[in-house]
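Protein sequence lines, in the order shown, are assigned to chains A and B.
Residue 128 in our numbering sits at position 35 of the first sequence; the count goes up by one each step and never skips.
Residue 122 in our numbering sits at position 29 of the second sequence; the count goes up by one each step and never skips.
Do not take every clue at face value.
Copies of the same chain are indistinguishable here, so a pair counts whether it falls within one copy or spans any two.
As the list claims (entries may be wrong) - Okay, derived cross-link-like pairs now, EDC-like style, lysine to aspartate or glutamate, Cα gap no bigger than 16 Å in a straight line:
(1) K188 / E231
(2) K114 / E279
(3) K205 / D104
(4) K188 / E129
(5) K142 / D211
(6) K205 / D124
(7) K204 / E130
(8) K114 / D183
(9) K174 / E151
(10) K174 / E231
(11) K114 / D104
Hints in this document: simulated from the structure, not taken from any laboratory.
Below are the chains, spelled out letter by letter.
There are 2 protein chains.
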Amino acid sequence: MQLLEERIRKDGIVRERNVLKVDSFINHQMDIGLFEEMAKEWKRLFAGKPINKILTIEASGIGIAAVAAREFGVPVVFAKKSMSINLDQDNYRTKIQSFTHGREYEVIVSKKFLTPGDHVLLIDDFLANGCALMGLLELVQAAGATVEGIGIAIEKGFQSGGERIRSMGIQLESLAIVESMSPGGEIVFRGQP
Amino acid sequence: MQLLEERIRKDGIVRERNVLKVDSFINHQMDIGLFEEMAKEWKRLFAGKPINKILTIEASGIGIAAVAAREFGVPVVFAKKSMSINLDQDNYRTKIQSFTHGREYEVIVSKKFLTPGDHVLLIDDFLANGCALMGLLELVQAAGATVEGIGIAIEKGFQSGGERIRSMGIQLESLAIVESMSPGGEIVFRGQP
Chain A
94 MQLLEERIRK
104 DGIVRERNVL
114 KVDSFINHQM
124 DIGLFEEMAK
134 EWKRLFAGKP
144 INKILTIEAS
154 GIGIAAVAAR
164 EFGVPVVFAK
174 KSMSINLDQD
184 NYRTKIQSFT
194 HGREYEVIVS
204 KKFLTPGDHV
214 LLIDDFLANG
224 CALMGLLELV
234 QAAGATVEGI
244 GIAIEKGFQS
254 GGERIRSMGI
264 QLESLAIVES
274 MSPGGEIVFR
284 GQP
Chain B
94 MQLLEERIRK
104 DGIVRERNVL
114 KVDSFINHQM
124 DIGLFEEMAK
134 EWKRLFAGKP
144 INKILTIEAS
154 GIGIAAVAAR
164 EFGVPVVFAK
174 KSMSINLDQD
184 NYRTKIQSFT
194 HGREYEVIVS
204 KKFLTPGDHV
214 LLIDDFLANG
224 CALMGLLELV
234 QAAGATVEGI
244 GIAIEKGFQS
254 GGERIRSMGI
264 QLESLAIVES
274 MSPGGEIVFR
284 GQP
């Protein structure tokens, strides 16, 4: 998606250890106008799919998912990362290794909000090694729900997550795929149809 | 706001220890259509204010804030609750006591995204004792930015946060104020103009 690629080139900051900072428009400050354009693009790419729910994971997926959900006319469920006293005990749960936070955490969805009748679109801001997505897929599978597709804002194409997901036969639509990047250097995107 | 009060009566669940569960439409599964109506109401209530940014706190404020931001045509900044390796070291930070999670945590906003020129609307899902909001207000004050108002979905009117905020002279617009509730009993709302 050209608009997103241009924005990453303009405002993204590449750091050592393959860190791409997009916190001025994606995951700390959020450009809602950009999110609306991304939502329209996913709506086009997943046209005809019987999606009735969007699933994401806290925290930085929530804003993108909320704006996308408006475009699709469906509710969002966000998986939670910690056990609060207000959460039902009747949950699907799995463990995810976070590269960004350098630790393992538990991801939880209430059984009330993910059921065998659900046709789910997964939405997240980043796809790198795919650990978070694999966790969400496990939760959907545990619920007996159907994955209709996955919408990602930025995929790190040089890491293994995208290939892993695509080899499972799931429709994965990453709006920008970074092929290579380096601090101070150019960001190269994968050509997309 | 009648629509929200009716929804709380219909789908809210009152538990012991003053817990009001609204996880089927507010803070686990999110009803985006409802959020849009809430956003329109805040837009009406804060009409004429020079708001250029919405500030919220992860995680359950983000969805509501994103939908509200679309209505106001401004970006959202969400304060983060933990230190990730991708976060700038140059931050405003404060500590907040969480009743829901039973612990104290640090709340962080990058100095890049909160500046003296900002006129901020704070948005969150719940107001009870006001600890989270007081933390956000501290961050805005540290940045030298201006608070134009606070929009809350559900205020627990029997706890002290609302009175504390109103006594500071800040325009606080809670779309539903619960005066009293009990497990199995009726939820009573405060009459609003």
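Legend entry - Numbered hints the structure breaks, given as an ascending list: 4, 7
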